[in-house]
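Chemist: Sequence lines, in order, name chains A and B. Going by the working numbering, the first residue of the first sequence is number 8, and it counts up by one from there. Going by the working numbering, the first residue of the second sequence is number 8, and it counts up by one from there.
Since the hints were derived computationally from the structure, they do not count as laboratory data. Check the hints yourself; a few may be wrong.
When chains are identical, the list treats them as one kind, so a pair holds in a single copy or across two.
Claimed, not checked - In silico lysine to aspartate or glutamate, EDC-like type, Cα no more than 20 Å apart, as pairs:
#1 Lys100 with Glu163
#2 Lys339 with Glu132
#3 Lys100 with Glu169
#4 Lys367 with Asp344
#5 Lys17 with Glu163
#6 Lys100 with Glu160
#7 Lys261 with Glu306
#8 Lys419 with Glu260
#9 Lys275 with Glu132
#10 Lys17 with Glu225
2 protein chains.
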Amino acid sequence: MANATKSARKRVVIIGGGFAGIHAALALAEQPVEITLVDRSNHHTFQPLLYQVALAVLSPGDIAQPIRSILSSQPNARVLMDEATGFDLEARKVILGSGNSLEYDWLLVATGVTHSYFGHDEWAEIAPGLKSIEDAVEIRRRVLLAFELAEREALETGNHPELNFVVIGGGPTGVELAGAISDTARLYMKNNFHYIDPSRARVMLIEGLPRILNAYPEDLSASAKAQLEKIGVEVHVNTMVTGMAPGYVYVGEKTIPSVVTLWAAGVKASPLGRLLGFPTDKNGCVIVDPRMNPPGHPEIFVCGDLAHIEINGRVIPPVAQPAMQMGDHAAKLIKADIAGKSRSDFSYFDKGDMATIGRKAAVARIVWPFKANWSGAPAWLVWLTVHVFFLIGFRNRLIVFLEWLWTYSRFKGGSRLITGSQELPGWNERKE
Amino acid sequence: MANATKSARKRVVIIGGGFAGIHAALALAEQPVEITLVDRSNHHTFQPLLYQVALAVLSPGDIAQPIRSILSSQPNARVLMDEATGFDLEARKVILGSGNSLEYDWLLVATGVTHSYFGHDEWAEIAPGLKSIEDAVEIRRRVLLAFELAEREALETGNHPELNFVVIGGGPTGVELAGAISDTARLYMKNNFHYIDPSRARVMLIEGLPRILNAYPEDLSASAKAQLEKIGVEVHVNTMVTGMAPGYVYVGEKTIPSVVTLWAAGVKASPLGRLLGFPTDKNGCVIVDPRMNPPGHPEIFVCGDLAHIEINGRVIPPVAQPAMQMGDHAAKLIKADIAGKSRSDFSYFDKGDMATIGRKAAVARIVWPFKANWSGAPAWLVWLTVHVFFLIGFRNRLIVFLEWLWTYSRFKGGSRLITGSQELPGWNERKE
Numbered sequence: 008m009a010n011a012t013k014s015a016r017k018r019v020v021i022i023g024g025g026f027a028g029i030h031a032a033l034a035l036a037e038q039p040v041e042i043t044l045v046d047r048s049n050h051h052t053f054q055p056l057l058y059q060v061a062l063a064v065l066s067p068g069d070i071a072q073p074i075r076s077i078l079s080s081q082p083n084a085r086v087l088m089d090e091a092t093g094f095d096l097e098a099r100k101v102i103l104g105s106g107n108s109l110e111y112d113w114l115l116v117a118t119g120v121t122h123s124y125f126g127h128d129e130w131a132e133i134a135p136g137l138k139s140i141e142d143a144v145e146i147r148r149r150v151l152l153a154f155e156l157a158e159r160e161a162l163e164t165g166n167h168p169e170l171n172f173v174v175i176g177g178g179p180t181g182v183e184l185a186g187a188i189s190d191t192a193r194l195y196m197k198n199n200f201h202y203i204d205p206s207r208a209r210v211m212l213i214e215g216l217p218r219i220l221n222a223y224p225e226d227l228s229a230s231a232k233a234q235l236e237k238i239g240v241e242v243h244v245n246t247m248v249t250g251m252a253p254g255y256v257y258v259g260e261k262t263i264p265s266v267v268t269l270w271a272a273g274v275k276a277s278p279l280g281r282l283l284g285f286p287t288d289k290n291g292c293v294i295v296d297p298r299m300n301p302p303g304h305p306e307i308f309v310c311g312d313l314a315h316i317e318i319n320g321r322v323i324p325p326v327a328q329p330a331m332q333m334g335d336h337a338a339k340l341i342k343a344d345i346a347g348k349s350r351s352d353f354s355y356f357d358k359g360d361m362a363t364i365g366r367k368a369a370v371a372r373i374v375w376p377f378k379a380n381w382s383g384a385p386a387w388l389v390w391l392t393v394h395v396f397f398l399i400g401f402r403n404r405l406i407v408f409l410e411w412l413w414t415y416s417r418f419k420g421g422s423r424l425i426t427g428s429q430e431l432p433g434w435n436e437r438k439e
Numbered sequence: 008m009a010n011a012t013k014s015a016r017k018r019v020v021i022i023g024g025g026f027a028g029i030h031a032a033l034a035l036a037e038q039p040v041e042i043t044l045v046d047r048s049n050h051h052t053f054q055p056l057l058y059q060v061a062l063a064v065l066s067p068g069d070i071a072q073p074i075r076s077i078l079s080s081q082p083n084a085r086v087l088m089d090e091a092t093g094f095d096l097e098a099r100k101v102i103l104g105s106g107n108s109l110e111y112d113w114l115l116v117a118t119g120v121t122h123s124y125f126g127h128d129e130w131a132e133i134a135p136g137l138k139s140i141e142d143a144v145e146i147r148r149r150v151l152l153a154f155e156l157a158e159r160e161a162l163e164t165g166n167h168p169e170l171n172f173v174v175i176g177g178g179p180t181g182v183e184l185a186g187a188i189s190d191t192a193r194l195y196m197k198n199n200f201h202y203i204d205p206s207r208a209r210v211m212l213i214e215g216l217p218r219i220l221n222a223y224p225e226d227l228s229a230s231a232k233a234q235l236e237k238i239g240v241e242v243h244v245n246t247m248v249t250g251m252a253p254g255y256v257y258v259g260e261k262t263i264p265s266v267v268t269l270w271a272a273g274v275k276a277s278p279l280g281r282l283l284g285f286p287t288d289k290n291g292c293v294i295v296d297p298r299m300n301p302p303g304h305p306e307i308f309v310c311g312d313l314a315h316i317e318i319n320g321r322v323i324p325p326v327a328q329p330a331m332q333m334g335d336h337a338a339k340l341i342k343a344d345i346a347g348k349s350r351s352d353f354s355y356f357d358k359g360d361m362a363t364i365g366r367k368a369a370v371a372r373i374v375w376p377f378k379a380n381w382s383g384a385p386a387w388l389v390w391l392t393v394h395v396f397f398l399i400g401f402r403n404r405l406i407v408f409l410e411w412l413w414t415y416s417r418f419k420g421g422s423r424l425i426t427g428s429q430e431l432p433g434w435n436e437r438k439e
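Isolated chain A, as found in the complex:
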């Protein structure tokens, strides 16, 4: 077997196999460089569809692809499943969890963001967030288990608690989770239960600001709220969660019983951001210039959600499109270096934003190829098309297309599997 002999070619180390990292690696395919893509997980996750795994419309394998498979036809790219734990910027080395290190000529750091519980880390057990396949499977487990436990209790004792689902945070993830829970309960679980009526489950979406989808135009926020309410989601704006316990959410003086609580309220940068040692913003994202470089280090790029870039006074939003474009642009700058050309600034080509609310319900702020704010079924169709198109891999595109055809035409979800523990935090601690 081959030895890890040193290559004479220049080395690009990419940390993080998200949109930015994958795009950068793919864009460097023809370059005379040796790329090492490091990720502590073995797969790239199509995060915009994670909520569909959480609600059992799609399977984990439909939206996750091994990074090795994505790069298997690219001879200049190696994939390393390991954790980066620090940097030696002087020696141009990445320190790995195994204790070994990787030398680089260019370094791209794109490890994204994780949940932030605003100092209440103890809430993480009570209210999981949605960033990984593991998170999605855990949310799926809890949501499905709540219906099963309620049916069990009703069958065995004649009574069961109110099925309240509380989603905290009214950004796109919160909106999508709340809408999808409501769709699942109302549409896809029909005739599945004898003693409970899943369509009577209450879904509450709690947002601290005056409107949900705060980054969207006001009319789309209003439309999203109306569409959510139409499918039975209770939207509470200007509402701050002040505490929680297993089975309960506290909003000021009010106690809301909650069989499943989900967290979509805040994010903070991956710890690697601070470990680089450069100035960060309040979320821990690394403040970089329009070439994505931290001060004094043109050989280092910070891309994707981990980067804080301001262009013409506007901060680039932490979503998928700019992450892909940053990855592509970082590759372009490396190519410029190789060719001895000068570097260009990154500029964000904003095609728009979308958030789904449910079956035939969505909002879309379209900027390209034309400007429009769409709501309802037309926005939903745009969303379907765009998301199938952007999935990596023909197999995944085909399978997801078929799963959606199945789900949305026959009112049946995918395989609603409960795996792992059969305990629901707080179920047995109810005070009734």
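With chain A's structure known, arrange chain B on it following the hints.
Modeler: Frame of chain A, contents of chain B only:
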């Protein structure tokens, strides 16, 4: 919501949502009875394809179906996700994990078998077996992780251990696992690694008896061995495993380093078998008469792998076909009781047996619709057809068909996801 009021109709309680339980419930659809199907998991698993989930050809959702969905169009069937923990045969009650109980007029117990480590329960952590979706995902995690850790070590240090996979037990499950590991390493991981050569992984199948597939005709056993060896599996018969440790398997005086050890050597009855209180065989399976009743209890049926039935001196084998037929027959006997007719004995309609070895490799003992012993590609095609046909649910049949088309024509597996822990038992304890 509805109350759990007592039904005037007679009650059938089915424990276990495997082949026998599901078949019995479906066959009673038109009867004036109230069926309660109890399973501690929420899904029916198509066990004959579990090994394909373990090797990432299929996703868990492709071969598992929520029991609720299977029975959703059957108004006389309720599904209860709970654990049966005991019986009160006098009062005709099943005791549940929740402390509640269920009364029955007829009881069908079909909770199957689980792994048996022949008194070495400490081996379970080292060498997982394959009975559930959770088992399959754990085996997938270990097998894929072994390749990732070897690549990591080779990339970072220039060396890695020999990739030995040891499968203990030469029955159908062991044969299928060993063959599938070899196929994955040789065919589906091509171009995925830079520092290791997955096709040089060693796969060892260890069997204590003089031949593998002991329940098959001798020529098929010999053919299976030859087919396995052709794809690189080392078959060791007459070989007893005497011990194991994380990273090692002991065979008498010999120590075999093993990055992943899998257990397919023995099964024992689900504990519910003994809790019924009737005579059992050495595996704990309940000895019942040809009407599937234990002595003196015509209202109780024991079906599937949990049942020990001898008909004309031959014990019915613990595989899928007889389990389905027993479920159907139990339903037939309940119908006879309802109609006031007399009961008939169960007879096993043996259509044959099949075991896959790999892509285009299998053995099939065909009894119906004609008698033949087939090997190789023809047997494999029969296997493909039969298994797609028997999957429950149109969606699963379509998706599995497409996944196979994809895998077997393009030499790519499904989504090879590693989820959960990133530790491999024994990896760091190697003594080299």
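Chemist: Confirm or reject each hint.
Modeler: Evaluation of the provided hints:
| no. | hint | result |
| --- | --- | --- |
| 1 | Lys100 with Glu163 | between (61 Å within a copy, 13 Å between copies) |
| 2 | Lys339 with Glu132 | neither (42 Å within a copy, 49 Å between copies) |
| 3 | Lys100 with Glu169 | neither (55 Å within a copy, 29 Å between copies) |
| 4 | Lys367 with Asp344 | neither (47 Å within a copy, 50 Å between copies) |
| 5 | Lys17 with Glu163 | between (67 Å within a copy, 17 Å between copies) |
| 6 | Lys100 with Glu160 | between (57 Å within a copy, 18 Å between copies) |
| 7 | Lys261 with Glu306 | neither (52 Å within a copy, 53 Å between copies) |
| 8 | Lys419 with Glu260 | neither (40 Å within a copy, 56 Å between copies) |
| 9 | Lys275 with Glu132 | within (17 Å within a copy, 36 Å between copies) |
| 10 | Lys17 with Glu225 | neither (49 Å within a copy, 59 Å between copies) |
The earlier numbered hints that this structure contradicts are 2, 3, 4, 7, 8, 10.
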